[in-house]
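Participant: Let's have the full structure, built from the sequences with the hints guiding it.
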Amino acid sequence: MSRGTSGISQVLVLLERIEGTLSGAQAELLTLAERLGDVSVVTGASGEAAGDALSIRGVREVYVGDGEITPPDGALVDLLETAVKESEASVVLGVDVPDAVDALARLSVRLDAGIITSATGIDVDGTVSKPVLVSEHTCVARAGQGPLIATVKPNSVEAITEKGARPELTSLPVKPSPAFEVLETAPLPTSGRPPLTEARVVIAVSRGVDGDLSLVEQLADELGAAIGASRAVTDAGWIDHSAQIGQTGVTVSPQLYISVGISGAIQQKSGMQTSDVIVAINKDEDAPVFEIADYGVVGTSTRCFRR
Amino acid sequence: MSTVRDQAVFDADEDPEHLVLTGMASDDGEASAVPAQVGERLGIPALTRALDLALQAGHLVVTRISGQTSQKLDLPLPAVVSVTDKANDPRYPNFKAIMAAKKKPVTELSLLDVGLTPVEARSKVELVSIQSRPARAVGEVIADDGQGGRRIVEYLAKERLV
Ligand SMILES: Cc1cc2nc3c(=O)[nH]c(=O)nc-3n(C[C@H](O)[C@H](O)[C@H](O)COP(=O)(O)OP(=O)(O)OC[C@H]3O[C@@H](n4cnc5c(N)ncnc54)[C@H](O)[C@@H]3O)c2cc1C
Numbered sequence: 007m008s009r010g011t012s013g014i015s016q017v018l019v020l021l022e023r024i025e026g027t028l029s030g031a032q033a034e035l036l037t038l039a040e041r042l043g044d045v046s047v048v049t050g051a052s053g054e055a056a057g058d059a060l061s062i063r064g065v066r067e068v069y070v071g072d073g074e075i076t077p078p079d080g081a082l083v084d085l086l087e088t089a090v091k092e093s094e095a096s097v098v099l100g101v102d103v104p105d106a107v108d109a110l111a112r113l114s115v116r117l118d119a120g121i122i123t124s125a126t127g128i129d130v131d132g133t134v135s136k137p138v139l140v141s142e143h144t145c146v147a148r149a150g151q152g153p154l155i156a157t158v159k160p161n162s163v164e165a166i167t168e169k170g171a172r173p174e175l176t177s178l179p180v181k182p183s184p185a186f187e188v189l190e191t192a193p194l195p196t197s198g199r200p201p202l203t204e205a206r207v208v209i210a211v212s213r214g215v216d217g218d219l220s221l222v223e224q225l226a227d228e229l230g231a232a233i234g235a236s237r238a239v240t241d242a243g244w245i246d247h248s249a250q251i252g253q254t255g256v257t258v259s260p261q262l263y264i265s266v267g268i269s270g271a272i273q274q275k276s277g278m279q280t281s282d283v284i285v286a287i288n289k290d291e292d293a294p295v296f297e298i299a300d301y302g303v304v305g306t307s308t309r310c311f312r313r
Numbered sequence: 015m016s017t018v019r020d021q022a023v024f025d026a027d028e029d030p031e032h033l034v035l036t037g038m039a040s041d042d043g044e045a046s047a048v049p050a051q052v053g054e055r056l057g058i059p060a061l062t063r064a065l066d067l068a069l070q071a072g073h074l075v076v077t078r079i080s081g082q083t084s085q086k087l088d089l090p091l092p093a094v095v096s097v098t099d100k101a102n103d104p105r106y107p108n109f110k111a112i113m114a115a116k117k118k119p120v121t122e123l124s125l126l127d128v129g130l131t132p133v134e135a136r137s138k139v140e141l142v143s144i145q146s147r148p149a150r151a152v153g154e155v156i157a158d159d160g161q162g163g164r165r166i167v168e169y170l171a172k173e174r175l176v
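As you go down the protein sequences, you meet chains L and E in turn. Mapping of the first sequence onto the working numbering: residues 7 to 313, in sequence order. Mapping of the second sequence onto the working numbering: residues 15 to 176, in sequence order.
A couple of the hints might just be wrong.
Dumping the calculated DSS-like pairs for lysine-lysine here, alpha-carbon to alpha-carbon at most 30 angstroms [stated by the list, open to error]: (1) E:K86 / E:K100; (2) E:K116 / E:K100; (3) L:K289 / E:K118; (4) E:K100 / E:K110; (5) L:K91 / L:K169; (6) L:K289 / E:K172; (7) E:K100 / E:K118; (8) L:K289 / L:K181; (9) L:K181 / E:K86.
If you are wondering where the hints come from, they were derived from the structure by calculation, not from laboratory data.
Facilitator: So this is what it looks like as structure tokens:
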């Protein structure tokens, strides 16, 4: 990892949007960034929103645009590129979400650098670990040329952020310039439960619940859990696609994953097998999910829940 | 570990109506970085992970999730769009179509054809090591004797998870 004249790496963190307070994943990312060097932040949010949310110890400087820039507006990449130059960053990090991956992927082309996504750890020596091949392997890699550009998965480090002074705000001369027209936006259904990728407990459901989620919801609320699903369920439309766990959905790594009536196909396993503890309920004793479960119950889901 | 080095296979100015359609992610690294990188090389927008898409005269309507919102965007061509498995229902080819597809012309391009040297085409990320994840220890699987729910709660309590 190349270091600035001070001998300390300059780390630029992309927070593409800030909604009120920082999300858990954003706080985690700042915690990780602080271990790696001097932290500045670039965001598409307004200066006011950024200043409020980022009054955190260790955040030295915040770069914002000339007006709010909302993903997937390409101006976010211009803002990012300008902030990299201003901060002389040798490390550029984002949360592992599509909008951040897209902006950082474009940045990597501009800087003739590589990009490492879905990182679960970054060492001070600049090596990055990430799961590959449906999480069956872990690889360690580093930037071969140019700055280290990486996105970090939620639940990779424990977020420790302390309140601090308001950071210095630098407004960069980049204006929003979306190449598209927004026809409609709608907030995703909220449940009051923690976000799926950040939750410490996840309950994932499938056909076994027959479209009736009331028992699962009750259990989730008792455990402070988020609810996810297999593709069988999102395809059936019982739950929104954003709750799909697996290769073509989200990857989760909670402390506890409770799998209810899910077979455990490789594409589903890919999204959950790095969970700390896996508990599975399935009526079929040969279901592949039992191969990776720490605790399994062969039985029907409703009967287990009623207890 | 994505590194893309797609030399422009078409010229965005000469081909204003072009649409580059890609899948969501590779099976191995699952980086999903290529669509945006191709868009950058071509100097055109890329909208990723479409849940739904419709092509109308010279423009596209794409539905995707951005943060905590679902957004429906209208985008003029040329553009890159990547799709999720929600974008459509796959149409599986029958035998006749598979045979016919085998006769389709395939153009192979060498690095030289697209103006690249082997050095330029090298990955910009260095692989240090790769290890298989230690197999998960085999857990305990019990038959539900009517007490399955309680057993789970006991297990969670023992593991200090609740
Ligand atoms: C390219 C690709 C990408 C994919 N991406 C994903 C992805 O991201 N996520 C994903 O989940 N899948 C994905 N899939 C699909 C995956 O292969 C499986 O088809 C899917 O995970 C099956 O979901 P399921 O196990 O919930 O349903 P099913 O295969 O229908 O299995 C249902 C299970 O529930 C059990 N069961 C039924 N009733 C009860 C009951 N009352 N009590 C207890 N158990 C019960 C059955 O024994 C069975 O094991 C993908 C597939 C492909 C080809």
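Participant: Decide, hint by hint, whether the structure agrees.
Facilitator: Okay, the hints, checked on the actual structure:
1. Restraint check for E:K86 and E:K100: the C-alpha separation of about 15 angstroms stays at or below 30 angstroms, so the hint holds.
2. Pair hint E:K116 plus E:K100 holds up; C-alpha atoms about 28 angstroms apart against a cutoff of 30 angstroms.
3. Restraint check: the Cα-Cα separation between L:K289 and E:K118 comes to about 47 angstroms, which exceeds 30 angstroms; the hinted pair is violated.
4. A threshold of 30 angstroms between alpha carbons decides the hint, and for E:K100 with E:K110 the separation of about 27 angstroms falls inside it, so the pair holds.
5. Distance check on the hinted pair: L:K91 and L:K169 sit about 28 angstroms apart at the alpha-carbon level, within 30 angstroms; holds.
6. With a C-alpha separation of about 24 angstroms, the suggested pair L:K289 and E:K172 falls inside the 30 angstroms cut-off, and the hint holds.
7. With a CA separation close to 28 angstroms, the supplied pair E:K100 and E:K118 stays within the 30 angstroms bound.
8. Between L:K289 and L:K181, the direct Cα distance comes to roughly 56 angstroms. Violation of the 30 angstroms bound is thereby established for this hinted pair.
9. Between L:K181 and E:K86 the alpha-carbon distance is near 22 angstroms, which keeps this suggested pair within the 30 angstroms criterion.
Checked against the numbered hints given earlier, the structure breaks hints 3, 8 and satisfies all the rest.
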